[in-house]
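Novice: Position chain B relative to chain A; hints supplied.
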Amino acid sequence: MALLEVRNLHAYYGHVHALRGISLTVEEGEIVTLIGANGAGKTTTLRSISGLLRPREGEIVFDGEVINGVPAHQIVYRGICQAPEGRKIFSTLTVQENLNMGAYSLGNDRAAIEANRRRVFALFPRLEERKNQIAGTLSGGEQQMLAIGRALMARPRLLMLDEPSLGLAPMLVRAIFQTIREINEQGVTVLLVEQNARAALRLADRGYVLETGRIVLSGPARELLGDEKVRKAYLGES
Amino acid sequence: MGQLLQQLLNGLTIGSFYALIALGYTMVYGVLKLINFAHGDLFMLGAYIGLVTLASLVVNVGLAVNLGVLLAIFLIVMSLVGVVGVILERIAYRPLYKAGRLPPIVSALGASIFLQNGVMLLYGARYRTFPEAFKQAMPEVMWELGGARFTLMQVIMLAISFLLMAALYLFVNYTRVGTAMRAVALDHDTARLMGIDVNRIIVLVFIIGPALGAAGGIMVGLFYGRIYFTLGWSYGLKAFTAAILGGIGNIPGAMIGGLLLGLVEALATGFVSDAWKNAIAFFILVIILILRPTGLLGERVAEKL
Chain A
1 MALLEVRNLH
11 AYYGHVHALR
21 GISLTVEEGE
31 IVTLIGANGA
41 GKTTTLRSIS
51 GLLRPREGEI
61 VFDGEVINGV
71 PAHQIVYRGI
81 CQAPEGRKIF
91 STLTVQENLN
101 MGAYSLGNDR
111 AAIEANRRRV
121 FALFPRLEER
131 KNQIAGTLSG
141 GEQQMLAIGR
151 ALMARPRLLM
161 LDEPSLGLAP
171 MLVRAIFQTI
181 REINEQGVTV
191 LLVEQNARAA
201 LRLADRGYVL
211 ETGRIVLSGP
221 ARELLGDEKV
231 RKAYLGES
Chain B
1 MGQLLQQLLN
11 GLTIGSFYAL
21 IALGYTMVYG
31 VLKLINFAHG
41 DLFMLGAYIG
51 LVTLASLVVN
61 VGLAVNLGVL
71 LAIFLIVMSL
81 VGVVGVILER
91 IAYRPLYKAG
101 RLPPIVSALG
111 ASIFLQNGVM
121 LLYGARYRTF
131 PEAFKQAMPE
141 VMWELGGARF
151 TLMQVIMLAI
161 SFLLMAALYL
171 FVNYTRVGTA
181 MRAVALDHDT
191 ARLMGIDVNR
201 IIVLVFIIGP
211 ALGAAGGIMV
221 GLFYGRIYFT
231 LGWSYGLKAF
241 TAAILGGIGN
251 IPGAMIGGLL
261 LGLVEALATG
271 FVSDAWKNAI
281 AFFILVIILI
291 LRPTGLLGER
301 VAEKL
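Here the protein sequences line up with chains A and B, keeping their order. Once you know that position 42 of the first sequence is 42 in the working numbering, the rest is easy, because the numbers rise by one and skip nothing. Once you know that position 14 of the second sequence is 14 in the working numbering, the rest is easy, because the numbers rise by one and skip nothing.
Fair warning: there could be bad hints in the mix.
Covered stretches of chain B (chain A as the covering partner; in silico rule of three or more C-beta atoms under 8 Å from a C-beta of chain A) [claimed, not checked]: (1) 85-92; (2) 174-180; (3) 187-195.
To be clear, the hints were calculated from the coordinates, so they are not data collected in a lab. Remember, it's a predicted structure, so these values are computed and weren't measured experimentally. Ideal placement from N, C-alpha and C gives every residue a C-beta, glycine not left out.
The following block holds chain A by itself, in its conformation from the complex (with noise of 0.2 Å):
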């Protein structure tokens, strides 16, 4: 049974038919990732997954449980986090402080939070470098660091992950997709959304690539590297 499983997803914003019928699975344990252009529906796949959105249409089957209708501040609790696009980490409060509201839904379990953040700067040792400075003041690769970081201190089994490589220099990119790998490698099944359609593809295992709220292609990742249609499309390749 697939850890996630997304089936026929129809949203609107407002009375913009946003998802058109989305389907889509994620086994546990792999990276699997949606591109697509800007507006083709990858955030709001993703804001319907976390409940911010709900969907017209459709079901969404987490751990074999539905859970489109549970309110997204109860999603986290079933275990999926979400570093959402554009970062939003919360900018007027510390990196500490941050790491703690993404443990928010563990209550006062310390041992647990510790554990947590003893994990998370292990994979960004430049957090615990910066722990007591307000967030807002990170370069933009710190912030990405940060979000991510604080989707991972509620120890999620699906960390979903809404362009991390956005506005970020290639190296810093290159930088963020190996901890990705990382966190996969320790177990998280990651859900990644990306305009970086090549970067994502060489990380992920599996690809769907979304075009006005519809899924048109989808694959083993190798294959759609390696297919004309996304090479013209999303490679920028003739």
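Specialist: What follows is chain B alone, placed relative to chain A:
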């Protein structure tokens, strides 16, 4: 010298009332970006419940009036007004969160009128004085310091104000739920992703803000000795001004803004004339807002992309 000290002390006292009320405006604005125009009336309601109902009850029952009784009155009134705050949020605001920013403001004005008229109908439209018997029962202790005189009551009120403010500051900055409150003020959706129940935080804000305002209400009544049903407008406007002055949405800002406004008013009263205190206070406010449009502490840390 003595007069300066006296005015500073008076200003600090009045300023701490403004600060307590301003916190309610700023906290609600922080999490909802809504000006709760009914907040001043919750403050006024606190003054009425505390001074008219409870104080006369105490006098009638014949309980000895002491600090313990006074503190009990504070706690009861703060809880009651906190409950009214929650009801207000549920009825007047929650159904309108998705309707945009203007409808809740209109609803707030409506709630303000409702509370004011409700109190007027219940307690009458005339000034109410604080029961004389209650006042007489409190020890009239007075000290002199460098030519300035201050009473035991004033010291107690200052102590209560500062304790409440310190408690709020510690709660917001050093507890898990307090941090969640700051997170909600920054970004509702991202707070939800963390597992924070945003509606519960909003309810909490609508307990704490009105409760603090109610404490301010009792103290204004104790300090001036009489209250009236439009108290919420006059003091609410001042406290709202204090919140803007400090930087709306910023909790330490509301405290500083309130104290500053009180001090300026007291100094203007002492050294110019009472008739000019509002003009001077608001003149200074305008100057500060021209120089710092976001208020004294209202600094926004830009998010880098």
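Novice: For every hint, state whether the structure bears it out.
Specialist: Hint-by-hint comparison with the structure:
1. Only residues whose C-beta sits within less than 8 Å of a C-beta in chain A count toward coverage, and the stretch 85-92 of chain B has 0 of them, not enough to reach three; the restraint is violated.
2. Only residues whose C-beta sits within less than 8 Å of a C-beta in chain A count toward coverage, and the stretch 174-180 of chain B has 3 of them, enough to reach three; the restraint holds.
3. Remark: the stretch 187-195 of chain B is confirmed as covered by chain A, as 8 of its residues place a Cβ nearer than 8 Å to a Cβ of that chain, reaching the required three.
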